[in-house]
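Peer 1: Residue numbers (the numbering used here), protein chains in the order written: chain R, 1 to 337; chain Y, 1 to 337.
These are calculated hints, taken from the structure and not from any lab test.
Treat each hint with caution, since some may be false.
As the list claims (entries may be wrong) - EDC-like, lysine to aspartate or glutamate: derived pairs with alpha carbons at most 20 angstroms apart:
hint	chain 1	residue 1	chain 2	residue 2
1	R	Lys-214	Y	Glu-283
2	R	Lys-214	Y	Glu-313
3	Y	Lys-214	R	Glu-313
Everything numeric in this text was worked out from a predicted model, so none of it was measured.
Residue-level listing of the chains:
2 protein chains.
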Amino acid sequence: MKEGFLRHAVTDGTTIDQHILEIFRATPGEVVSGEELSSKLKISRTAVWKHIRNLKTLGYRIESVPSVGYRLVAAPDLLLPEEISAGLVTERIGRQIVAFNETASTNETAFKMAEEGAPEGTVVIAESQSRGKGRMGRRWESPSGVNLYCSIILRPPILPLQAVQMTFLSAVAVARGVEETTRLSPTIKWPNDVLLSGRKVAGLLNEMGAETEKVNFIILGIGVNINMEQNQFPADLRHPATSLRIESGRPVDRVDFARVLLRELDTLYASYLAGGYGAVRDEWLARCAMIGRRVHVDYRDSAVAGLATGIDEYGALLLTLDDGRVERVLAGDVKLA
Amino acid sequence: MKEGFLRHAVTDGTTIDQHILEIFRATPGEVVSGEELSSKLKISRTAVWKHIRNLKTLGYRIESVPSVGYRLVAAPDLLLPEEISAGLVTERIGRQIVAFNETASTNETAFKMAEEGAPEGTVVIAESQSRGKGRMGRRWESPSGVNLYCSIILRPPILPLQAVQMTFLSAVAVARGVEETTRLSPTIKWPNDVLLSGRKVAGLLNEMGAETEKVNFIILGIGVNINMEQNQFPADLRHPATSLRIESGRPVDRVDFARVLLRELDTLYASYLAGGYGAVRDEWLARCAMIGRRVHVDYRDSAVAGLATGIDEYGALLLTLDDGRVERVLAGDVKLA
Numbered sequence: 001m002k003e004g005f006l007r008h009a010v011t012d013g014t015t016i017d018q019h020i021l022e023i024f025r026a027t028p029g030e031v032v033s034g035e036e037l038s039s040k041l042k043i044s045r046t047a048v049w050k051h052i053r054n055l056k057t058l059g060y061r062i063e064s065v066p067s068v069g070y071r072l073v074a075a076p077d078l079l080l081p082e083e084i085s086a087g088l089v090t091e092r093i094g095r096q097i098v099a100f101n102e103t104a105s106t107n108e109t110a111f112k113m114a115e116e117g118a119p120e121g122t123v124v125i126a127e128s129q130s131r132g133k134g135r136m137g138r139r140w141e142s143p144s145g146v147n148l149y150c151s152i153i154l155r156p157p158i159l160p161l162q163a164v165q166m167t168f169l170s171a172v173a174v175a176r177g178v179e180e181t182t183r184l185s186p187t188i189k190w191p192n193d194v195l196l197s198g199r200k201v202a203g204l205l206n207e208m209g210a211e212t213e214k215v216n217f218i219i220l221g222i223g224v225n226i227n228m229e230q231n232q233f234p235a236d237l238r239h240p241a242t243s244l245r246i247e248s249g250r251p252v253d254r255v256d257f258a259r260v261l262l263r264e265l266d267t268l269y270a271s272y273l274a275g276g277y278g279a280v281r282d283e284w285l286a287r288c289a290m291i292g293r294r295v296h297v298d299y300r301d302s303a304v305a306g307l308a309t310g311i312d313e314y315g316a317l318l319l320t321l322d323d324g325r326v327e328r329v330l331a332g333d334v335k336l337a
Numbered sequence: 001m002k003e004g005f006l007r008h009a010v011t012d013g014t015t016i017d018q019h020i021l022e023i024f025r026a027t028p029g030e031v032v033s034g035e036e037l038s039s040k041l042k043i044s045r046t047a048v049w050k051h052i053r054n055l056k057t058l059g060y061r062i063e064s065v066p067s068v069g070y071r072l073v074a075a076p077d078l079l080l081p082e083e084i085s086a087g088l089v090t091e092r093i094g095r096q097i098v099a100f101n102e103t104a105s106t107n108e109t110a111f112k113m114a115e116e117g118a119p120e121g122t123v124v125i126a127e128s129q130s131r132g133k134g135r136m137g138r139r140w141e142s143p144s145g146v147n148l149y150c151s152i153i154l155r156p157p158i159l160p161l162q163a164v165q166m167t168f169l170s171a172v173a174v175a176r177g178v179e180e181t182t183r184l185s186p187t188i189k190w191p192n193d194v195l196l197s198g199r200k201v202a203g204l205l206n207e208m209g210a211e212t213e214k215v216n217f218i219i220l221g222i223g224v225n226i227n228m229e230q231n232q233f234p235a236d237l238r239h240p241a242t243s244l245r246i247e248s249g250r251p252v253d254r255v256d257f258a259r260v261l262l263r264e265l266d267t268l269y270a271s272y273l274a275g276g277y278g279a280v281r282d283e284w285l286a287r288c289a290m291i292g293r294r295v296h297v298d299y300r301d302s303a304v305a306g307l308a309t310g311i312d313e314y315g316a317l318l319l320t321l322d323d324g325r326v327e328r329v330l331a332g333d334v335k336l337a
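The following block holds chain R by itself, in its conformation from the complex (with noise of 0.2 angstroms):
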């Protein structure tokens, strides 16, 4: 694949790397004997370091006791599917997570397996993007080993019409993992920004492949500045940027955090399939920092200003503008007047 180099796809954890990662990880620490691994994998003793030797190509440390057997050291700072996977119990999503050292970007790799017909849950990360696709056709800053950068394909039974829906319950996931693993309060900015601080920490960029009366896939796309530092974003950025290592403090696991994204995405979207988008827009407007404020929004060449009240079903944040009338604002840039 001219994208770069494919790491891995993992489907159920069965694959053998997997397994000998889960055998040292029931014991850390300790040292494994080849003898072990072999009679639990059922397979020869060279296939077993074969397999030792190609974890230590990715990235994992691992050192072999001579005569003794085999211990894992350290796992590498890579988003491995192997990693991701341990101890990730979804019903739908990442349930096959396939990883790239580069991709041109993660939505468009992920439209077109979507495309090839591959199952909801697919899960494209990458660890950076050449063309890192923002909203409107802007740019999404995408440096290498440092954030999060991948896209989920999903197969809702929904009109085209409430696509838009699924924008919010990415957003919710989202500020619901930035929570989890940082203990900070991220606000949403409407449609889909997820801030810190008031500065943006999250992108979301969601796509669909659609007919006029069912959606045939939609791709969450969702970049995290995870460890990005300040000398890292590029001077000329439209909005103010952050990272969770900035707001924190302190550095964020980025496999952890990957894990969490995907734990909370599979929850709201089985409760979307089975409630509906009530719940997901009760708690999207909870975490609006905009609702009951005043707020200006651009459009292309025409600006409109009010208060803000609420989203409807269409995704349209709901304006109250000076004489009364009500104003849906469908696409735009957004902010606090």
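Go by the hints and put chain Y onto chain R.
Peer 2: Only chain Y this time, still in chain R's reference frame:
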């Protein structure tokens, strides 16, 4: 390409094959000398001969008159880009036409091409489809050589919410095309079937690739039963079907029909871009046989009945129920009550 032999892609009528055909058509029935072709096209006599041979392979009957020249006797009954482009004057649609002997589905091919950046107005045509798609996952019967199966790529600057408006636009274009080529009076059934004598003569399946706030592309999928005979329809059709030939009592030239359809689409699309949805909606309403009448709608396990009074900007059919409430129908099968 696995979907079959790619015939030709024509842009702006500039291929040599097409120039040769234009020269023949300027003096119908006349012999044109190899020398004249060679000097007008600025290619060698041998190259002229090779192009003539190629045109014969495509199905053109061209007579070689020894030591005089060539004469075009007949064009093949095939939807060749060279034929459709001849005399087609449009602003956007059909500037590039790609034709296949067979493809799985012209919509699928066009969707992939759009993703890869194919320009607005690109038309994909096939003589037959092995997996022709109808609405709501149904199959569209696509026998070879008798009908028109085509997909058109558009890139209107609209929101995903408004994409359904393109469905109504393509239904109006098909109705105009049927009227113009047969003098019959087609009607439209919500959302986008075109009927003759109450039987389906064309089906439309639109698809899109979109972001939350921006349509990237829309595929207008159009299937028209042109010269299909009664015994070519499968016995188990959900809705009664017919063809232009059955209704008009005589065969219809498929190339003529395609040319008229592309021209009508081009005109309607230009008016939509300049003046919005209003004119399309008005013509759709005037051509829809259901407005002002009592209808039944089935969708999955539910059903509703009422008086059809119009459509809204999201494409919903507006029904006035017996108790006076207005119901917005977004998907389903409609029939007269």
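Peer 1: Take the hints in turn and mark each one as holding or not.
Peer 2: Results for each hint:
A hinted pair counts as satisfied when its Cα atoms are at most 20 angstroms apart, and R/Lys-214 with Y/Glu-283 does not qualify at roughly 25 angstroms. Annotation: proposed proximity of R/Lys-214 to Y/Glu-313 holds, straight-line Cα distance about 18 angstroms (limit 20 angstroms). Our distance criterion of 20 angstroms between C-alpha atoms is met by Y/Lys-214 and R/Glu-313, whose separation comes to about 18 angstroms.
Hint compliance for this structure: hint 1 alone is broken.
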